[in-house]
Amino acid sequence: MNEKRQEWLFWGAVTILIAAIVHLGTVWLLPRVVMMRALDRLGTPNTMHVGHRPDATSRTIVRPSPDILYATCPYDLSKGPLRLTAPVVRANYWSVSAFDGATNNFFVKNDQQTTGNSLEVLVIRRGQTWPALDNAVERVILFSPSERGLLLIRAVIDSDKHLPALEAALNGARCGTVASAKKLR
Amino acid sequence: MNPVVRIVVVAVTGIVLGLFATWITMRGLPGAVSSGVWVTNLTTGSPASDPYTRARVALHGLFALNRNETIYYTATKDDGGERLDGKCRYELRGRDPNARWWSITAYGGDDFLIANPQNIYSVSATSVVRGKDGSFSVAVGGARGPGANWIPAGDGAFSLTLRLYNPGPEVALDPSQAALPSLKRIGCP
Chain A
73 MNEKRQEWLF
83 WGAVTILIAA
93 IVHLGTVWLL
103 PRVVMMRALD
113 RLGTPNTMHV
123 GHRPDATSRT
133 IVRPSPDILY
143 ATCPYDLSKG
153 PLRLTAPVVR
163 ANYWSVSAFD
173 GATNNFFVKN
183 DQQTTGNSLE
193 VLVIRRGQTW
203 PALDNAVERV
213 ILFSPSERGL
223 LLIRAVIDSD
233 KHLPALEAAL
243 NGARCGTVAS
253 AKKLR
Chain B
1219 MNPVVRIVVV
1229 AVTGIVLGLF
1239 ATWITMRGLP
1249 GAVSSGVWVT
1259 NLTTGSPASD
1269 PYTRARVALH
1279 GLFALNRNET
1289 IYYTATKDDG
1299 GERLDGKCRY
1309 ELRGRDPNAR
1319 WWSITAYGGD
1329 DFLIANPQNI
1339 YSVSATSVVR
1349 GKDGSFSVAV
1359 GGARGPGANW
1369 IPAGDGAFSL
1379 TLRLYNPGPE
1389 VALDPSQAAL
1399 PSLKRIGCP
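Line by line, the protein sequences are chains A and B. Take 73 as the starting number for the first sequence in the numbering used here and just add one per residue. Take 1219 as the starting number for the second sequence in the numbering used here and just add one per residue.
Please note that the accuracy of each hint is not assured.
As the list claims (entries may be wrong) - Residues of chain B clear of chain A, computed beta-carbon distances all greater than 12 Å:
(1) Thr1292
(2) Asp1351
(3) Trp1368
Unchecked claim - Facing chain B, according to a computed beta carbon distance under 10 Å, are these residues of chain A, among others:
(4) Phe178
(5) Thr186
(6) Gly188
(7) Pro203
What the hints assert, rightly or not - Among the chain A residues that face chain B by a calculated CB cut under 10 Å, a handful are:
(8) Ile140
(9) Asp172
(10) Val212
(11) Ser231
(12) Leu235
Bear in mind the hints are in silico, worked out from the structure with no lab data behind them. For clarity, every value in this text was computed on a predicted model and none was experimentally measured. The beta carbon of each residue, even a glycine, is placed where N, CA and C say it ideally should be.
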């Protein structure tokens, strides 16, 4: 009887252990899977994609703001560093933010934190060769914690009549892989 | 019991239990701090967030910014503690929150914008019509009434997200101290 009880306890403990491993593993994995799926859905990597004003048909990313115009650059640093240049929109709110492969927001800069009319963001991985620097007025260099991630531009749509100008400004943003020159450690 | 069958039963039970625990813990956006009906989490978007917060934000609020840049409050219940229902009519009443810019948006149970013929999904610092004293009243749900401000909410469960872009330093430091609009249920059909 005692042996039977011990056997039940043993298999019960194994079941709980398996459940704990599966639970913790899925919780860890979820943001990474969600991020990879989102990056795939957002379009060609290392290219700028300007969306339309979010409405009820916008179903790529959960909880979009209908008052924000979004431009996205899903990046993949496997072929080299990435450069984004974007005209700064000085209105109610504008920002460039960066998200790593686990969905963490590891960088954000808004229009009030910039001085020039445009912002350049270089995204690089440690150990990657350094791109040739151009004469950008304002530059930020980011070390991405992951090979894949996202640069996201947000601009508040303060009225419908300003929408074409906002769209034009976001369409002026560029992102792409850049040639390398110097190795970083 | 056959040892092979026993191992399979234990493995399947463990996997099912593990997935069930994940499903239970992933429902809705994480909340830890509240101000009235509005709930937020201090580590949303931050690399310092715990694995549960990170996973829940990924599922229900992907690409959220950190709280110094933007604070996201969610309301799923009214002032009386009842779940929000699009068939009912509510009143949001308050003043501009302490932030550079703000918006309040309604989302369906699937975390997407709620389809409506008027294509109205939100009110914001730039669109809300204020009274002479600077306060505003926004009808939420039900049919459009005589008021200037209205957010349709479909005919099922919904939630509201209040975004504060560049919140004031006091709010960023302690989001529970923010003065935010109240949400009163007016009636249900």
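These are the hints, each one checked on the structure:
1. Thr1292: Not fine: 9 Å to the nearest Cβ puts Thr1292 of chain B too close to chain A.
2. Asp1351: Holds, since 23 Å exceeds 12 Å.
3. Trp1368: holds (14 Å)
4. Phe178: holds (6 Å)
5. Thr186: This interface hint is violated because 13 Å lies over the 10 Å limit.
6. Gly188: violated (19 Å)
7. Pro203: violated (25 Å)
8. Ile140: holds (8 Å)
9. Asp172: Hint holds; Asp172 of chain A Cβ to chain B Cβ min 8 Å, cut 10 Å.
10. Val212: violated (15 Å)
11. Ser231: Since the shortest Cβ distance to chain B is 7 Å, the answer is holds.
12. Leu235: violated (13 Å)
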